[in-house]
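*Asks:* Here are the chains, one letter per residue:
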Amino acid sequence: MAVVIALVLVAIGSVTFHVLSPWWWTPIASNWGYIDGTLTVTFWITGVVFTAIVLFMAYCVLRFRHRPDHTAEFGPENKRLEWWLTIGTTVGVCVLLAPGLVVWHQFVTVPASATEVEIVGQQWRWSYRLPGRDGRLGTVAVRWISPENPLGIDPADVAGQDDVIIEGGDLQLPIGRPVKILLRAIDVVHNFYVPAFRAKMDMVPGQVTFFWFTPTRTGAFEGICAELCGLGHAVMRARVVVVEAPEYDAWLERQPTFAPRVASVQ
Amino acid sequence: MTAIILYVAVIGSIAAWWLSRQRLMAKPWLEIGAAGETPGTGASEIPPAKLGLWVFLAVVGALLTLFVSAYLMRMHMSHDWRSLPTPPMLWFNTVLLLLSSLGLHRAQIAARIGWRHGIEIGLIAGGLSALAFLAGQYLAWQQVMEEGFGVATNPSSSFFYLITAVHGLHLAGGLLALGKTAYRTARGADLAQLRLGVELCATYLHFLLVAWIALFGLLLHG
Amino acid sequence: MSTASGHLEGVPAAEVEDVELYHPHSWVTKYVFSQDAKIIGIQYALTATAIGFVALVLSWLMRIHLGFPGTFDFITPAEYYQFITMHGMIMVVYLLTALFLGGFGNYLIPLMVGARDMVFPWVNMLSYWIYLVAVLVLIASFFAPGGPTGAGWTLYPPQAILSGTPGGQDWGIILMLLSLMLFIIGFTMGGLNYVVTVLQARTRGMTLMRMPLTVWGIFTATVMALLAFPALFVSCVMMMLDRLLGTSFFMPALVVMGERLSHEGGSPLLWQHLFWFFGHPEVYIVALPAFGIVSDLISVHARRNIFGYRMMVWAIVIIGALSFVVWAHHMYVSGMNPYFGFFFATTTLIIAVPTAIKVYNWLLTLWRGDIHLTTPMLFALAFIVTFVNGGLTGLFLGNVVVDVPLSDTMFVVAHFHMVMGVAPIFVVFGAIYHWYPKITGRMLDEAMGKLHFWVSFAGAYLIFFPMHYIGLLGVPRRYHEIGEMAFVPPSAHTLNAFISVMALIVGAAQIVFLFNLAWSLRRGKPAGGNPWNAASLEWQTPETPPPHGNWGREMPVVYRWAYDYSVPGAPQDFIPQNQPPAKAAE
Numbered sequence: 001m002a003v004v005i006a007l008v009l010v011a012i013g014s015v016t017f018h019v020l021s022p023w024w025w026t027p028i029a030s031n032w033g034y035i036d037g038t039l040t041v042t043f044w045i046t047g048v049v050f051t052a053i054v055l056f057m058a059y060c061v062l063r064f065r066h067r068p069d070h071t072a073e074f075g076p077e078n079k080r081l082e083w084w085l086t087i088g089t090t091v092g093v094c095v096l097l098a099p100g101l102v103v104w105h106q107f108v109t110v111p112a113s114a115t116e117v118e119i120v121g122q123q124w125r126w127s128y129r130l131p132g133r134d135g136r137l138g139t140v141a142v143r144w145i146s147p148e149n150p151l152g153i154d155p156a157d158v159a160g161q162d163d164v165i166i167e168g169g170d171l172q173l174p175i176g177r178p179v180k181i182l183l184r185a186i187d188v189v190h191n192f193y194v195p196a197f198r199a200k201m202d203m204v205p206g207q208v209t210f211f212w213f214t215p216t217r218t219g220a221f222e223g224i225c226a227e228l229c230g231l232g233h234a235v236m237r238a239r240v241v242v243v244e245a246p247e248y249d250a251w252l253e254r255q256p257t258f259a260p261r262v263a264s265v266q
Numbered sequence: 001m002t003a004i005i006l007y008v009a010v011i012g013s014i015a016a017w018w019l020s021r022q023r024l025m026a027k028p029w030l031e032i033g034a035a036g037e038t039p040g041t042g043a044s045e046i047p048p049a050k051l052g053l054w055v056f057l058a059v060v061g062a063l064l065t066l067f068v069s070a071y072l073m074r075m076h077m078s079h080d081w082r083s084l085p086t087p088p089m090l091w092f093n094t095v096l097l098l099l100s101s102l103g104l105h106r107a108q109i110a111a112r113i114g115w116r117h118g119i120e121i122g123l124i125a126g127g128l129s130a131l132a133f134l135a136g137q138y139l140a141w142q143q144v145m146e147e148g149f150g151v152a153t154n155p156s157s158s159f160f161y162l163i164t165a166v167h168g169l170h171l172a173g174g175l176l177a178l179g180k181t182a183y184r185t186a187r188g189a190d191l192a193q194l195r196l197g198v199e200l201c202a203t204y205l206h207f208l209l210v211a212w213i214a215l216f217g218l219l220l221h222g
Numbered sequence: 001m002s003t004a005s006g007h008l009e010g011v012p013a014a015e016v017e018d019v020e021l022y023h024p025h026s027w028v029t030k031y032v033f034s035q036d037a038k039i040i041g042i043q044y045a046l047t048a049t050a051i052g053f054v055a056l057v058l059s060w061l062m063r064i065h066l067g068f069p070g071t072f073d074f075i076t077p078a079e080y081y082q083f084i085t086m087h088g089m090i091m092v093v094y095l096l097t098a099l100f101l102g103g104f105g106n107y108l109i110p111l112m113v114g115a116r117d118m119v120f121p122w123v124n125m126l127s128y129w130i131y132l133v134a135v136l137v138l139i140a141s142f143f144a145p146g147g148p149t150g151a152g153w154t155l156y157p158p159q160a161i162l163s164g165t166p167g168g169q170d171w172g173i174i175l176m177l178l179s180l181m182l183f184i185i186g187f188t189m190g191g192l193n194y195v196v197t198v199l200q201a202r203t204r205g206m207t208l209m210r211m212p213l214t215v216w217g218i219f220t221a222t223v224m225a226l227l228a229f230p231a232l233f234v235s236c237v238m239m240m241l242d243r244l245l246g247t248s249f250f251m252p253a254l255v256v257m258g259e260r261l262s263h264e265g266g267s268p269l270l271w272q273h274l275f276w277f278f279g280h281p282e283v284y285i286v287a288l289p290a291f292g293i294v295s296d297l298i299s300v301h302a303r304r305n306i307f308g309y310r311m312m313v314w315a316i317v318i319i320g321a322l323s324f325v326v327w328a329h330h331m332y333v334s335g336m337n338p339y340f341g342f343f344f345a346t347t348t349l350i351i352a353v354p355t356a357i358k359v360y361n362w363l364l365t366l367w368r369g370d371i372h373l374t375t376p377m378l379f380a381l382a383f384i385v386t387f388v389n390g391g392l393t394g395l396f397l398g399n400v401v402v403d404v405p406l407s408d409t410m411f412v413v414a415h416f417h418m419v420m421g422v423a424p425i426f427v428v429f430g431a432i433y434h435w436y437p438k439i440t441g442r443m444l445d446e447a448m449g450k451l452h453f454w455v456s457f458a459g460a461y462l463i464f465f466p467m468h469y470i471g472l473l474g475v476p477r478r479y480h481e482i483g484e485m486a487f488v489p490p491s492a493h494t495l496n497a498f499i500s501v502m503a504l505i506v507g508a509a510q511i512v513f514l515f516n517l518a519w520s521l522r523r524g525k526p527a528g529g530n531p532w533n534a535a536s537l538e539w540q541t542p543e544t545p546p547p548h549g550n551w552g553r554e555m556p557v558v559y560r561w562a563y564d565y566s567v568p569g570a571p572q573d574f575i576p577q578n579q580p581p582a583k584a585a586e
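Residue numbers (my numbering), protein chains in the order written: chain P, 1 to 266; chain Y, 1 to 222; chain W, 1 to 586.
Do not rely on the hints blindly, as some may be mistaken.
Here are the simulated lysine-lysine pairs, DSS-like style, with alpha carbons at most 30 Å apart [unchecked claim]:
1. W:Lys30 <-> Y:Lys50
2. W:Lys525 <-> W:Lys450
3. W:Lys450 <-> W:Lys30
4. P:Lys79 <-> Y:Lys27
5. Y:Lys50 <-> Y:Lys180
6. W:Lys30 <-> Y:Lys180
One-sided and incomplete, this derived list gives chain P residues near chain W with beta-carbon spacing under 8 Å [said to hold, decoys possible]:
7. Leu39
8. Met57
9. Glu73
10. Glu82
11. Val110
12. Pro111
13. Ser113
14. Gly132
15. Ala196
16. Pro205
17. Gly206
18. Thr209
Just so you know, these hints were derived from the structure itself, not from any lab.
Don't be surprised by glycine CBs; every beta carbon is placed ideally from N, CA and C.
For reference, chain P alone in the conformation it holds in the complex:
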């Protein structure tokens, strides 16, 4: 009997915990509500399956537990039942997969209107680079990296001269404008993750990765490194501030650009 009670407790307790849990994802601040939606659907379907299976087990143990005059029934298989279960499972899996793939398609399709922002990870801090007035980011290479040029921008590239570089400060983004985040790492693999935006991607040395989103809420949002990058992994924090467009433009105006830094060295 203890087993039956335990199984029922597992089923009911898990559902109760889920419903009453104060531990839930942080309110969303981007356009990826669909990801939350897919997650919720997945919770529902898997929750029903889990509860049904555990309760059925509890019933079996209760009903078919060993008693002196009780015997088991020999029954090798039941093709019809097995087919129905297979088909039912397949349908359930399709219901989960289909919306997932649709949303993934959105996730990997960057809108043409998205502005580019580069985030560079290194042990153990973040730097940001935004295109200047020309709207383009200059080319970069590891061989250009130096104390004066920590992001390795090609000094000869015209497009790079007005690039805005932020080291150690917060990244600001304008609300409502899609942004394509370009990700670069110069030492090891990092991962820039702001839970409120839901999107994340590894930044891999030697290549440029990306994700995109549209901020939908103003405020300051905390970001973290989500890929083990050595001893300082846990202290690699970031802050992204989403503001209205005019405020953003004013902020951008105040940030240092690449050209003067190079000039100062020369």
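Got chain P; can you put chains Y and W on it based on the hints?
*Replies:* Relative to chain P, chains Y and W alone:
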């Protein structure tokens, strides 16, 4: 990862073909009876050592194919690949390995007809040319080194040393087994036992020849 | 059985000359350098348990550090990462893989298929000793300068071999890679044995479709491991060269702490592809033997044939095959071509179907059974609960876009601990309670077993179920301290501390288990040859524990499948596999 996926697909097809002959659709609870009364009972008649070798070859094949996969991926993932000047020595070495394989083939024929002396000649010829192959590979390393390609110079040369070393180590392992068989032949061991030993050595050497030709082709391609 | 026909072609003779058997004469060849698969299996199991206990202690240290920030500061961040790495690697490779294949595989395969031993006993012995060396090399890294590697069990380059990671520029990573390579060589030797023994050494009448599912599970897992482990071997060799000779297989041009390294053009993603090409099949290399064993536990202790035996076999084979084309679901946010996500999400979710069928069939075996709530059965039931829970959260992580917010969070940690940590270990426990009487001739103590079960089950569930919700908050994995995060409410820290306390309790319960193992060896109730009234062949040996050669002078002949339980009209509620038809009908 295309190469290894294809490889696993081939192994999977062989497994599927074999399984398809194992009566997997049978309903075992209906088939009650002794051996022989139901078809397909008992194990196959291939000697375990022979089957064991084939399974081992499948594992070595997977290992080498993974190197091939890594080679191709590394080649195409980045732009720093410089093609390696393939030392002409490698062509000569290929002939040596071919000779070794032939020697083992002769030994196998001799074992089949029960000609002990023929087994010895075949094994020694095969073993010596395999040793010559290994020496030749070492010379090829030196030639590549002289061309200015060290282990870390370029991924093409890193892979060259790595792949030839892995292949060479497997060949060296095969030579140990070959030596043991030759020793047993000289001691006048039982012919049936010798036949199996020679066959295993020959299979292994043939496999390493085929593998070398594939790897050589890959190195030429890079 | 003495009348069994010995003249059939293509089947081994019923009787063998005594001289053909290898009888060890000295204590050393009998118990140390033994070539008997059963002894080798026990050696594997004991070594795996010992190193597993190290991993358990490491998990305690990690949990107290993580659960009570500031209180246990004698554990430095570097040590935390070393513990987490060693814990993961030990549990996945050196404990679970070695225990299921090397331990249970060695002990059970020859007995279950009716063989005298593995087909290559000497190679089999070598396999264990190389495994032992691999374990010792791993242990050695704790004492090497700089300590063991702290790169995480996935050992992702570039950080794995750089100075920002513990052991990266010291001995740690070198010893780790060396140990893995040794493990793989040793495993390959054992694996050849398991495969060829199942193929070639089955006794007369033992068709594939009469084999117990345990053998099917271990056999399929071994085939997969033989094809998957080379991928880890290749990655280890290449990383070793990157580390020692400065090659650039995985290492791109880097600037580390202001210093430009000599590497150029390598690809960290190449490592990830190779690693997960091994790593994902590895999950099933652990899961399939567990599936097989738990099927047999449920069938024996519910006194009912396993339901849908054929489907179970097919599902094992299909899962094994599919598991080779799902590896990149570990890499959805790795920066690989995002369009791969479509393919790998689809293949990953397809695997859910055969896996679900197995779950249904376990439940349908319980249905209309005669369920004896013995300790093995309790662990089997707990396996179903935890496996279903962990399997269902796999549907979150496998479904590419849902994985995006959850990957690299504690949700992933909770998921894989539930599905390939807790669940298979419950099967290990169940299996040990089940087969201990055959191995030693004595029963394990039931009262201690029940205590062990209840604490382990309730505790493990209370650890890992709430942990999902910590991950849902956005708390990342592999943080040596959670610290202050704007999106984490203070109550989550209380939950985190609770998890640590539960981890200590569950760990302590394992001491009861170890004590029980030792205590029952001498004082356990004598078991007799077949205490569970099981039908499969390993319970029909003439002697218990079975001596070398297993079957005495005469090999068993198999007349039926392994699941003839509660057959209508039979005098008992089980019919042994080697019982001739006429006798059974009496």
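*Asks:* Indicate, hint by hint, whether the structure satisfies it.
*Replies:* Structure-based check of each hint:
no.: 1; hint: W:Lys30 <-> Y:Lys50; verdict: 28 Å, holds
no.: 2; hint: W:Lys525 <-> W:Lys450; verdict: 16 Å, holds
no.: 3; hint: W:Lys450 <-> W:Lys30; verdict: 34 Å, violated
no.: 4; hint: P:Lys79 <-> Y:Lys27; verdict: 12 Å, holds
no.: 5; hint: Y:Lys50 <-> Y:Lys180; verdict: 16 Å, holds
no.: 6; hint: W:Lys30 <-> Y:Lys180; verdict: 27 Å, holds
no.: 7; hint: Leu39; verdict: 5 Å, holds
no.: 8; hint: Met57; verdict: 6 Å, holds
no.: 9; hint: Glu73; verdict: 4 Å, holds
no.: 10; hint: Glu82; verdict: 6 Å, holds
no.: 11; hint: Val110; verdict: 10 Å, violated
no.: 12; hint: Pro111; verdict: 15 Å, violated
no.: 13; hint: Ser113; verdict: 19 Å, violated
no.: 14; hint: Gly132; verdict: 24 Å, violated
no.: 15; hint: Ala196; verdict: 7 Å, holds
no.: 16; hint: Pro205; verdict: 5 Å, holds
no.: 17; hint: Gly206; verdict: 3 Å, holds
no.: 18; hint: Thr209; verdict: 4 Å, holds
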